[in-house]
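Student: Protein sequences appear in the order of chains U, H, D and F. Residue numbers for the first sequence follow our numbering, beginning at 487 and rising by one. Residue numbers for the second sequence follow our numbering, beginning at 487 and rising by one. Residue numbers for the third sequence follow our numbering, beginning at 487 and rising by one. Residue numbers for the fourth sequence follow our numbering, beginning at 487 and rising by one.
Think of the hints as simulated: they come from the structure by calculation, not from any bench. Check before you lean on any hint, since a few could be wrong.
Chain copies aren't distinguished; within one or between two, either way the pair holds.
The list that follows gives simulated cross-link-like pairs (lysine-lysine, DSBU-like), each with its CA atoms no further than 30 Å apart [to be verified]: (1) Lys488 to Lys538; (2) Lys538 to Lys657; (3) Lys657 to Lys521; (4) Lys576 to Lys657; (5) Lys657 to Lys488.
Protein chains: 4
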Amino acid sequence: MKITILTTGGTIDKTYDEHAGSLRNERTVLDTILKSLRLPDLFIRHVAVMSKDSLEMVDADRELILREVRAALPVSDAIIIVHGTDTLSKTGECIYQNIQDSTIPIILTGAMRPYEFRDSDALQNITEALFAAKVASPGIYAVMHNRLLPFPGVVKDRTSLTFRTQEEIEKISTNETKA
Amino acid sequence: MKITILTTGGTIDKTYDEHAGSLRNERTVLDTILKSLRLPDLFIRHVAVMSKDSLEMVDADRELILREVRAALPVSDAIIIVHGTDTLSKTGECIYQNIQDSTIPIILTGAMRPYEFRDSDALQNITEALFAAKVASPGIYAVMHNRLLPFPGVVKDRTSLTFRTQEEIEKISTNETKA
Amino acid sequence: MKITILTTGGTIDKTYDEHAGSLRNERTVLDTILKSLRLPDLFIRHVAVMSKDSLEMVDADRELILREVRAALPVSDAIIIVHGTDTLSKTGECIYQNIQDSTIPIILTGAMRPYEFRDSDALQNITEALFAAKVASPGIYAVMHNRLLPFPGVVKDRTSLTFRTQEEIEKISTNETKA
Amino acid sequence: MKITILTTGGTIDKTYDEHAGSLRNERTVLDTILKSLRLPDLFIRHVAVMSKDSLEMVDADRELILREVRAALPVSDAIIIVHGTDTLSKTGECIYQNIQDSTIPIILTGAMRPYEFRDSDALQNITEALFAAKVASPGIYAVMHNRLLPFPGVVKDRTSLTFRTQEEIEKISTNETKA
């Protein structure tokens with residue numbers, strides 16, 4: 487089983503600069519996360535595509551990610567894209583529009599809190615994405631917080647800080663209006 | 487989505503007794519593990535069935551677990567059994583023999599290193615079991631170390647300290663004989 | 487043994503706001519740190535004085551800290567002030583100028599990396615400050631990174647990100663000029 | 487500042503053997519602990535003397551430790567001995583009897599819970615021992631749980647699982663008899 491992981495930056499990869507006293511996207515922490523997991527018989531190709539806050543991503547960045555996905559398709563049994571949550575949906579929709587006939591699962595994940603924090607959700611989400619890579623049927627997904635959400639129609643729920651399908655958001659909104 | 491988690495003890499739940507200076511099965515750490523995960527919209531019923539090293543389990547213990555599985559079936563969308571790894575296969579086969587027509591996934595998991603240790607695999611395995619509970623088709627499985635293994639025929643690989651299917655073990659063994 | 491701990495904010499207490507995606511001084515993490523330590527027979531009075539990045543402290547803030555130190559003196563065997571590192575020296579000198587005849591140790595500490603980060607120096611520094619509170623002779627000190635540094639003359643070494651005495655800084659600087 | 491650390495095993499150094507499912511004294515975790523601390527300008531000589539549960543130490547072991555202490559004296563500004571808590575007092579008294587005129591602090595420390603456990607006191611105690619090595623006057627001490635206890639007369643309090651002076655134990659015992 488061969489999985490390609492493309493890292494692009496995002497909250498999950500923010501690290502603390504002690505001189506500046508601030509959080510930055512400078513490098514990926516993926517290898518540290520992978521070292522803490524037990525993954526027998528799994529071959530991982532890690533491609534560090536960029537290191538960007540996803541709010542700063544422009545069209546050219548999404549085109550680059552798309553190119554890397556296409557390059558990885560013939561040599562991978564699954565692809566995971568580690569991405570900032572703010573525009574994860576946009577990149578997911580972009581891949582969904584452009585790669586119609588994927589025969590493998592393509593999974594976008596990230597975190598609400600950087601991995602370097604003690605109570606980050608990064609380890610959970612990477613664990614889930616790697617598990618989904620093994621068991622999900624072909625398609626484009628967001629994986630986070632115990633959920634496998636198929637594109638199109640996945641959005642960030644900025645109130646409860648997780649991802650949901652468009653349907654779920656509408657249902658919650660309808661219930662709140664009724665109440 | 488309602489998941490029932492049955493805890494039975496095992497390595498994952500071993501805690502350190504500072505007076506005796508030794509590891510014991512006295513209580514479950516499941517709630518601590520669950521608190522560290524983000525599980526929106528998931529309803530978890532936790533039933534602490536017993537707190538035993540699985541090497542000390544007798545037939546009556548397995549019958550009790552089977553009774554608890556049957557009791558949980560009508561009220562659960564998935565069942566997770568947290569179990570010692572030494573006889574996890576035996577309990578899995580027992581459930582497989584006795585519950586033929588399950589309409590939900592029944593997942594056995596555990597850990598090679600107690601949760602209380604810094605570099606335990608417990609969090610990874612519980613994360614994976616909870617994800618499998620969401621996405622697996624009906625059946626009996628062992629979930630550990632990035633793998634979803636369907637019963638019958640799952641065994642503990644005592645050399646590499648993980649679980650494998652009977653087929654995989656035979657393949658490894660054949661390769662070693664050839665080499 | 488009664489120790490008063492005054493928290494004022496600083497890097498050590500920065501917490502991550504998932505909605506804003508940024509670090510903030512909003513509350514103190516001191517109680518979480520203390521819970522992780524074994525401190526038999528120690529009575530701790532914790533006074534949360536303010537929650538500020540020390541670069542934003544004004545004279546009125548330092549006067550307030552001084553007032554709290556004076557209020558704590560008669561009821562404490564030692565005083566610890568948890569403070570941002572950027573102006574820790576300034577507050578230390580201010581206390582040194584104004585409290586000449588302290589009969590107990592008054593210790594300033596903080597951290598270069600917020601406690602919420604996995605590899606923070608916060609736990610080390612608080613552990614050391616609590617130990618110094620037990621064993622140091624009366625005086626005003628900075629405690630951090632295995633060192634007990636008496637005021638006056640303690641400064642932040644912005645190159646190696648630790649605190650040093652004025653003498654040490656001059657020695658390092660002279661050596662570098664020679665080399 | 488040069489500190490010699492002699493490791494001898496004990497609870498602090500117990501590691502988990504996944505094949506046997508049990509705790510063992512096989513190697514020291516000291517270097518992992520030291521890597522997590524910030525210790526500028528400190529030169530540490532680490533001598534791994536033995537790896538024993540201190541209940542299994544015999545006279546010859548204590549003689550060996552004594553020889554290593556004597557060998558370290560001329561090249562060290564302080565000596566730390568990492569030791570099992572069960573017979574730490576015995577080794578401390580032995581050093582006190584045999585090394586009367588030490589001109590440096592000699593500090594015994596250990597832990598009630600192995601370092602490999604998440605909520606171990608090992609990091610606290612090593613942090614404190616390293617700080618005491620910097621600030622304590624010449625003598626033989628036990629350092630643990632925020633306390634610097636001078637030999638002779640230090641004993642393990644098996645009820646509250648910490649170290650105390652003989653006097654403190656008698657005081658507690660007298661109070662309990664009165665009550």
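Student: Going back to the hint list, which numbers does this structure go against?
Tutor: Number 2 only.
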